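Following the numbering used here, the numbering of the sequence shown begins with 6 at its first residue and continues without gaps.
Don't read these hints as lab results, they were simulated from the structure.
Keep in mind that this is a model prediction, so the values were computed, not measured.
Ideal Cβ positions, reconstructed from N, Cα and C, are used throughout, including at glycine.
Please note that the accuracy of each hint is not assured.
[Unchecked claim] Restraint ranges, calculated between C-beta atoms of paired labels, are given here:
1. A127 - E260: 34 to 44 Å
2. E260 - S44: 18 to 28 Å
3. T51 - S154: 25 to 35 Å
4. E260 - D89: 28 to 38 Å
5. K222 - L172: 16 to 26 Å
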Amino acid sequence: MVDCMVEEYMNISQKNQLIYTLGMVQFPRIAKFDPFVDSFMDKIRTDYPIDDHISPKVYTTSIGPEGVQIERQDTNVWQFSSIDRKWAFILTDQSICLHTSEYNNISEFNKRLEDGISKLIAIPDIGIKWLSAVGIRFVYMLVEKSGKSLNEIAKPWNLTEPYSLPLEIIEGVYVSSYKTKFGELRLQTLRNPWVTLPPELISPMIQKNGWLKLRPKQDFAIVDLDHSFKWINPQKFEIKEVIKTIVNLEDTSREMVLSTGLETSKKLGGLK
6 MVDCMVEEYM NISQKNQLIY TLGMVQFPRI AKFDPFVDSF MDKIRTDYPI
56 DDHISPKVYT TSIGPEGVQI ERQDTNVWQF SSIDRKWAFI LTDQSICLHT
106 SEYNNISEFN KRLEDGISKL IAIPDIGIKW LSAVGIRFVY MLVEKSGKSL
156 NEIAKPWNLT EPYSLPLEII EGVYVSSYKT KFGELRLQTL RNPWVTLPPE
206 LISPMIQKNG WLKLRPKQDF AIVDLDHSFK WINPQKFEIK EVIKTIVNLE
256 DTSREMVLST GLETSKKLGG LK
């Protein structure tokens, strides 16, 4: 059953474009963080040689009621990108994030994330001893194509469709939040928005990486899932605990993707 779900999820990812993935690990704020940035850059330079210091100093990553996102605050943000800018780390004084436009599977993602975390906490005197929150976010773009409407690609309940009314939708938003056994999950669908990512994700980092796709001319939707867990009191920082939490969050997110009805493979017959 699990293998079937993984195969079907991969089928969905291929047919409905997964355009953005973000994983975040948050720790208590570190005062005078800037001196540690060069040390981190030296450790990851081989795989992530392009560095960007975002200015003005108004962006930070956080987990809150809105899920995993980038918010405007008074802080410094650094980005370290792969040479092709398909993968990048984001570093602030209270978080390390990995984001990508080329997500393939959770194993590859976690391998990269674990490598970055290991190198960060190994920096002498940085003092990252406690873990505050972990989250992961997936953004899909569904586009009407090959004679199939969006209603044939995904279930109408998350496409802001008017039920049994002779209306043609122009644009719409569907948002819901859920408690899961691993944390809190938020699902939002943006029908025919003016941009192809949720507005709160459109930052200088995204633009520098060239990840903001052109707006389709035909009917389309952005399906955005984020799943996070925040400890009431910070716990001891263990990399194994971070990876375990990411895996659990991704697993439930996969189930939510399947529940939306995103163009599953008829050969696999769907979930029982």
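Status of the hints after comparison with the structure:
The hinted range of 34 to 44 Å is satisfied by A127 and E260, whose Cβ atoms lie roughly 35 Å apart. Checked against the given bound of 18 to 28 Å, the beta carbons of E260 and S44, roughly 40 Å apart, lie outside it. At roughly 47 Å, the beta carbons of T51 and S154 sit outside the given window of 25 to 35 Å. As the Cβ distance of E260 to D89 is approximately 32 Å, the hint placing it in 28 to 38 Å holds.
For K222 paired with L172, a C-beta distance near 21 Å keeps the hint of 16 to 26 Å intact.
The structure is inconsistent with the numbered hints 2 and 3, although it conforms to all the rest.
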